[in-house]
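Student: Put together the whole structure using the sequences plus the hints.
The residues making up each chain are set out below.
4 protein chains.
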Amino acid sequence: MNRLKGRENLDRIPVAVIGATGAVGQRFVQLLKSHPWFELIIVAASGKSAGKRYKDTVNWGLDEKMPEDIGEKKIEEINSKTFKDEGIELVFSALPANIAKEVELDLVSNGFYVFSNASAYRMGKDVPLLIADVNGDHLGLVDLQREAGKGYIVTNPNCTVTGLATGLKPLDREFGVRSVVVTTYQALSGAGYPGVPSLDIIGNIIPYIPNEEEKVEEECKKILGKLTVEGVEPSPFYVFASCARVPVRDGHLESVLVELEEDAVVDEVKKVLRDYDGLESRTLPTAPKKPIIVTEDESRPQPLFDIYSGSPKRAKGMSVTVGRIKRIHDKIRFFLLVHNTIRGAAGCSIMNAELAKIEGYL
Amino acid sequence: MNRLKGRENLDRIPVAVIGATGAVGQRFVQLLKSHPWFELIIVAASGKSAGKRYKDTVNWGLDEKMPEDIGEKKIEEINSKTFKDEGIELVFSALPANIAKEVELDLVSNGFYVFSNASAYRMGKDVPLLIADVNGDHLGLVDLQREAGKGYIVTNPNCTVTGLATGLKPLDREFGVRSVVVTTYQALSGAGYPGVPSLDIIGNIIPYIPNEEEKVEEECKKILGKLTVEGVEPSPFYVFASCARVPVRDGHLESVLVELEEDAVVDEVKKVLRDYDGLESRTLPTAPKKPIIVTEDESRPQPLFDIYSGSPKRAKGMSVTVGRIKRIHDKIRFFLLVHNTIRGAAGCSIMNAELAKIEGYL
Amino acid sequence: MNRLKGRENLDRIPVAVIGATGAVGQRFVQLLKSHPWFELIIVAASGKSAGKRYKDTVNWGLDEKMPEDIGEKKIEEINSKTFKDEGIELVFSALPANIAKEVELDLVSNGFYVFSNASAYRMGKDVPLLIADVNGDHLGLVDLQREAGKGYIVTNPNCTVTGLATGLKPLDREFGVRSVVVTTYQALSGAGYPGVPSLDIIGNIIPYIPNEEEKVEEECKKILGKLTVEGVEPSPFYVFASCARVPVRDGHLESVLVELEEDAVVDEVKKVLRDYDGLESRTLPTAPKKPIIVTEDESRPQPLFDIYSGSPKRAKGMSVTVGRIKRIHDKIRFFLLVHNTIRGAAGCSIMNAELAKIEGYL
Amino acid sequence: MNRLKGRENLDRIPVAVIGATGAVGQRFVQLLKSHPWFELIIVAASGKSAGKRYKDTVNWGLDEKMPEDIGEKKIEEINSKTFKDEGIELVFSALPANIAKEVELDLVSNGFYVFSNASAYRMGKDVPLLIADVNGDHLGLVDLQREAGKGYIVTNPNCTVTGLATGLKPLDREFGVRSVVVTTYQALSGAGYPGVPSLDIIGNIIPYIPNEEEKVEEECKKILGKLTVEGVEPSPFYVFASCARVPVRDGHLESVLVELEEDAVVDEVKKVLRDYDGLESRTLPTAPKKPIIVTEDESRPQPLFDIYSGSPKRAKGMSVTVGRIKRIHDKIRFFLLVHNTIRGAAGCSIMNAELAKIEGYL
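Residue numbers (numbering that gives the first Met the number 0), protein chains in the order written: chain A, 0 to 361; chain B, 0 to 361; chain C, 0 to 361; chain D, 0 to 361.
Just so you know, the hints here were simulated from the structure itself, not pulled from any lab data. Since the model is a prediction, treat every value here as computed from it, not as a measurement. Mixed in with the good hints, there may be bad ones.
One copy or any two copies: either way a pair holds, since identical chains are not told apart in the list.
[Unchecked claim] Only pairs whose alpha carbons sit at most 30 Å apart, straight line, appear in this in silico BS3-like list of lysine-lysine: (1) K64 / K270; (2) K54 / K325; (3) K269 / K288; (4) K288 / K100; (5) K325 / K80; (6) K64 / K325; (7) K225 / K288; (8) K220 / K325; (9) K54 / K269.
Tutor: Structure, rendered in structure tokens:
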């Protein structure tokens, strides 16, 4: 049968990446290389790159080389039939939101399991907005979708939110979060490719990222919200977000000021952050051993030097680094760094799919 | 007499700049060029550059050319007798804090009027921490110093604070400020020269500037404090400051979240900021017509394009630009940009001396 | 009559800028502000910006503010009739080459005098490739065009070439140039807007600019060629060009190694460069007093600090700066800096039109 | 015995790195981690860092983490007795040239084998200026030194030269090189740490690196020179070097124009470069499989994406990448990229010591 031809390992689950040519799509391709559970069979894209070889059309901009076998693959159109012919049920989506809206819905209605980085369905009532090692229990929302049919969609949050929610989770669980003020220094890769023109950003800061501040608030509250039979009840804390673009390649830095329900001193905060173990998800291949690394160096975390702190190998880029933890008056202040295209995008999506597998959803 | 030789205009007040070779010292030199009230007679520096021609020792890094006549001047040692021989009573100081401590005290005890950008005496009980168009009335503190003798010192604030206090002043006067959360994107020139090594900052953010967060809080509260017979009573609001260095040449950008005593909507805030006229100081040669420019462009202010917004000519770089004013829950959020070596340093100091002149303190 | 309405000064020649919204178009707009001989009446653009106000559609990226009156103008379509209705005969073109090809030809056939920065017609046999203060006599080529009708086109060279040809001209005249090896460090604004994606160039060098090396050779030889009755006979020297893009905003730096016909020592070379006076063109409003500035500072010229060296006012950015002149074996080596969007584009085009005026071609 | 205490593996040769705290010193530390033949026993430095723990004093700026065991080591003073007590005979030097002059001489006279990155002795008559896979036979010069005593010094070239000489070697061997024009785009790490101030280089190019152009010429001719009984007879070709600093972290890019003795077309040049195998050295642990990688991508090599092209593992950063090979008139032009602190410094020095070992010089 066609679908088995050329597969390396029949035990691995065949997957497709859609939107595979962009910045996040490339990260999916990189991170799925030699994945123990998933095998990347199809790279697909909408529009004009379909039909070309992956390596001939992609402007590969990652620090690691393009996997050679993927480079040779022909880019497919996004087509349910083609996917099914290859035995694919699991699809990772790196599509832009406007295209994702229609395409992902169509895939779900055709029975596919879509793990999407796009923002289109993140706030959907029955859609998990998932970070496996933060709110893994929200995966249960999928049951609400499956009542309607076989397929479903699981989203991962905006890159800024993924870092922030990770840092807040242990604090919220231990002390309760009443409010959070977050101000960001966001990397260029967050805007995709070609993204930000060099003339706009070299030697400059742009204190505006369309829709970003709104997403930070609503997504953060959903992730830390409570799963009920009707969906997720958002966490009631207040979020005050200010977002800016900076001339940095990878890594979103965030200045965070948290008001806790229950008072805590710096050492308690450090301990709670350090001890956070990512719950049941910690054994997933892409889950970091420590979702949060606490640094004592007073000039860290810095994007250039710390985006890969924490777990090496498959979970490289999956830990959040927190530093400069300080009590100011009655609040706790820290700086937090997240790799925006790994933990903040493709890596999170893959970790979510891994959780779905061990929970029996694949 | 020697002191008159070569003076362009006997009606202008002769002045010296000490620490004239550094980044802020250069700004003093640039801004004093053809000043209508002051004439730069002596450029002085501590240490090894004394005795050399200014243009032979200075690594001039400004966008405007070095004034030719100053370039030809010999750099003097900082010496009261030399200064007096040249008829100088007014001294601008761009010294580093550690050197300023002793040198400025010595000058004051020798009867000089020192307008200093150094942090050494900013928090002194009888020392004005002055921004002429924000808290010009604090100049009165000088009377406390003069009881002890003829000289005195007037300081201008830290560069970050100068911008922040300007933005807060009209809001505090109109609505009352209860608390302020400020997160900064600070330019390289704020660290002087040679300052930040390129290997540390190219493509990177450093979320730490030694002592900066502490200065922001205490200086901001002093500037907006109330002048009493015993000194300045600091304003009681809370400041939560987080400071970071970014790869930008000039211009500190600040994300500000203000909690007001009296509720206000965005339009009221805009009006109050726009209408702010700098009080009695607005006619000083170096005072901007509008201390605060409010921009409606949703992606502004940006350091690269907006540091010179506002008054042209002598007050170029003296206005603060505010944008992205937004109400989030019960608070007001905006981004604010200040030229850190003009309004945030040399320009402010010169404007302060102008105020001293019209108030009869020179 | 409509065409006179709102004109500031009937003595000035009314002009249009086509392609007015891009990086070079903006420079035209900036440099034509208060021009003593030309008055900018129409800003025009192809495509979707026509019909909008200039300030509403342009992403203004220059260091000086957009002229307010131009900001209020409606962008026109490129239309001969509209231009004629406004009394316009002189058109400056900042169009991309592919669009210029058809549009400029159409304008010429309708009798307009087109001064174009586009590359489309630069190598045309009867088209002057002109730098007024370098090869002003080539303007005479226009006579060949005018035989066919009333309109004509005058082009200015590629930005890299404009700098190089200026530096070579006096050397060629005095000593003869046998060959030149040029290696470039080209600024981002040379690629227009949005131009180079930030992810491609931040912390990087791109050693490739499409078609640039070929243009450098052929254009340079035409400019320094000899005007004959049949056209320009290219100069016979050899050009070896290597071009790269660097993360610099404005200013092309070029490393140049020249082999001279007649031997010369460094001091002779310096004298010849310094003494170069731009021939008959030196009194034009936009012509620099000194087309070439020679610096003795061993670390100069640098793009950030030297692009505006030389004549201030209207001719700001019109001088080339040369430094590090050195004899290596039998050749002469120097670094040369040219402001790529002023002398290298819009400024050169305007200077050329000024020459046309005094030569009676307008 | 003390010297055996804590050694991982008695079969490995114990080594010291002197000048271990700087940019190149750090690369030595990184590259010696788990080296199969050498074991880093002592990290030493002159001056004030001695006595502190390595990790407490070093501003580690590399992309890989500091080896943990080295981080715990105490930095030693440079002292022959200490080194001998630890059984060390082989010393790698990353000292600045001025300090190296005396210190290295002292070590050699005490019998040590010094492999030095410093420029102090590179041009010494009996000192090999060695790139093991380019001019490995020059190691024989050491015999001239050993006549005088037991110790000796082997130097590796300047970072720019290491790349250039590698690219020229196969061309010289095959076609003969008559002259070479090289223009550089040199990375910041080449200037050490703190090195270039950010205010000097952000958004800028500095067309001057002290003494660099002179070194490029003389070192290049020595490396490609012929070993005779009296020393190395420099190759007679002409070198025209122009050097500039660019805002790039790692990786020197060089534009090279070569005049060959014997004519060659582009395909012949490519083949010769591609086929170059590094001679007898190709099996050394740190030698790249391919000293030269030829890329067909017309926009490559780029420092950001290509410094690690070629052999992975221990020889990562040891290959030179060449692209844009083109015939211009009678010459061959290409761009060449070398990792300036690996192949261009520490990596080359280690590879040289490996050659010394298999040749029986250790």
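Student: Each hint needs a verdict: does it hold in this structure or not?
Tutor: We went through each hint and held it up to the structure:
1. K64 / K270: between (38 Å within a copy, 24 Å between copies)
2. K54 / K325: between (47 Å within a copy, 24 Å between copies)
3. K269 / K288: For K269 and K288, the Cα distance is within 30 Å only inside one copy (17 Å; across copies 47 Å).
4. K288 / K100: Classified as neither; 34 Å inside a copy, 49 Å across copies.
5. K325 / K80: neither (55 Å within a copy, 47 Å between copies)
6. K64 / K325: between (40 Å within a copy, 26 Å between copies)
7. K225 / K288: This pair counts as within: shortest intra-copy Cα distance 25 Å, inter-copy 53 Å.
8. K220 / K325: both (24 Å within a copy, 20 Å between copies)
9. K54 / K269: between (45 Å within a copy, 22 Å between copies)
Of the numbered hints given earlier, the model fails hints 4, 5; all others are met.
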